[in-house]
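Protein chains: 2
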Amino acid sequence: MSLIFRPLFEKESSTYTYLLADSKTKEAIIIDAVSDTKQRDIGLIEELGLNLKYIIETHVHADHITSSCPLKAQFTQAQIVLSEASLVACADVLIKDGECLKFGEFTLTALATPGHTNGCMSYVVGDKVFTGDALLIRSCGRCDFQEGSADKLFDSIQKIFTLPDETYVYPAHDYGGRTVSSIWEEKAFNEMIGGNVDKQEFVRRVNAMVLSLPAKIHVAVPSNQVCGARIMINKP
Amino acid sequence: MSLIFRPLFEKESSTYTYLLADSKTKEAIIIDAVSDTKQRDIGLIEELGLNLKYIIETHVHADHITSSCPLKAQFTQAQIVLSEASLVACADVLIKDGECLKFGEFTLTALATPGHTNGCMSYVVGDKVFTGDALLIRSCGRCDFQEGSADKLFDSIQKIFTLPDETYVYPAHDYGGRTVSSIWEEKAFNEMIGGNVDKQEFVRRVNAMVLSLPAKIHVAVPSNQVCGARIMINKP
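Residue numbers (my numbering), protein chains in the order written: chain A, 1 to 236; chain B, 237 to 472.
Check each hint, because a few of them may be wrong.
[Said to hold, decoys possible] Partial pick of chain B residues on the chain A-facing surface, computed with a CB cut under 8 Å:
1. E246
2. E283
3. E383
4. G413
5. T415
6. F425
[Stated by the list, open to error] PhoX-like cross-link-like pairs, simulated, lysine-lysine; straight-line CA separation at most 25 Å:
7. K128/A <-> K11/A
8. K332/B <-> K388/B
9. K24/A <-> K364/B
10. K364/B <-> K128/A
11. K128/A <-> K260/B
12. K332/B <-> K26/A
13. K260/B <-> K11/A
14. K247/B <-> K216/A
15. K388/B <-> K26/A
16. K26/A <-> K72/A
17. K262/B <-> K187/A
18. K26/A <-> K102/A
Because the hints were derived from the structure by calculation, they are not lab data.
The beta-carbon is built from N, C-alpha and C at its ideal position, and this holds for glycine as well.
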């Protein structure tokens, strides 16, 4: 069996979308697809002759609008997957920690990793972990909105760190043009939690982050709570 | 043997830099490193404990300044590699079509692919080809400066197309956030040459491209002709 694996990038929000498929059966999944790049992604899925089975979100994003609903309108057999804890009604599958989804011969396993938001889920496929905004390359997600908790995020990253050292780490974002890391590297070099930082120091570092609100948060969050379906939103 | 493979992205010029290494011997090569991201790349090479052996350019770029010289200043044992046809004096190795370079157990083979510039070189490592600005994803390089020739580019892409269909294609740029393609996909879907377009039609399409000059061309080309060494440049 052979995995088709296509990392894709959306420049404005520096978001990575991941398309994975079984090269034999053509069953496919997409993780964190973005509204702005939906035509690119639809085109690629069609050109590769894939059968999109699951449209998966690592969490309800605050910085971009998902293309879950538009993708489902195009690939009507596909199911939208979000964490049970993300409290959205638009998902077809509300996945829990430890549950699995199959695409062809491949298995995706959900790993609850709350902290950036309470509904954050990481996903493991073979030697790869898709960490959303929990573990970023040399960094981690912020915890100052959407029920964020630096305390929980510390435990979640420790959970991710129980994966084998050689596991590839694919985050939802990188703002410096890095595309992949590995568990051993993040254990060693992550600037928030690497080098055996303890929980108290990690929480202090997360709370010391100086960040402005994502420009699109007041549009993105309500829109993503309905999986990117078109809705009328009154900006505050 | 196992390959360390790190695609890296520079957002302003949408340039991909590729770091490859033998995980056992730690011998490494870097392809198309960019001045703006040299600190990121130096940091990563050091963190991964790599021994940088070759600093390789696919061609003399017009859109960004290379970090070849700064990288060599940091990793003094490394050799700068450019095509013999690129007519630059700063390279340690002037590589010719068909010549090979070794890093650890891996071999890189040069494939002369002129057309975007006369000195363009693609490089094959195992199941991957690094195509520079010759073959882009669903597109190809422009041919309107630096001794460009759409006629030559057609032949060069046909040469790339003799690689196995499943070979992964890693270009020097993608402006739409795609990170990788494959030979069969480009044969089928490339908008300039896919679907058995003949040379006459390809040349017509390339010549019909409406493009402004790269913003940095008058700085980048002379700077890259000396491998990114600091020089005084009078902008025209």
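These are the hints, each one checked on the structure:
1. E246: holds (6 Å)
2. E283: The hint holds - E283/B has a Cβ within 8 Å of chain A, the shortest such distance being about 5 Å.
3. E383: violated (30 Å)
4. G413: Since the shortest Cβ distance to chain A is 4 Å, the answer is holds.
5. T415: holds (5 Å)
6. F425: This hint holds: F425/B lies near chain A, its Cβ roughly 5 Å from the closest one there, short of 8 Å.
7. K128/A <-> K11/A: holds (23 Å)
8. K332/B <-> K388/B: Holds, because 17 Å separates the two Cα atoms, which is no more than 25 Å.
9. K24/A <-> K364/B: holds (21 Å)
10. K364/B <-> K128/A: holds (20 Å)
11. K128/A <-> K260/B: Judged against 25 Å, a Cα distance of about 21 Å means the pair holds.
12. K332/B <-> K26/A: violated (40 Å)
13. K260/B <-> K11/A: violated (34 Å)
14. K247/B <-> K216/A: Roughly 20 Å between the alpha carbons, so the hint for K247/B and K216/A holds.
15. K388/B <-> K26/A: With a Cα-Cα distance of about 37 Å, the restraint between K388/B and K26/A is violated, given a limit of 25 Å.
16. K26/A <-> K72/A: holds (17 Å)
17. K262/B <-> K187/A: holds (20 Å)
18. K26/A <-> K102/A: holds (12 Å)
Going down the numbered hints, you'll see the structure goes against 3, 12, 13 and 15, while the others check out.
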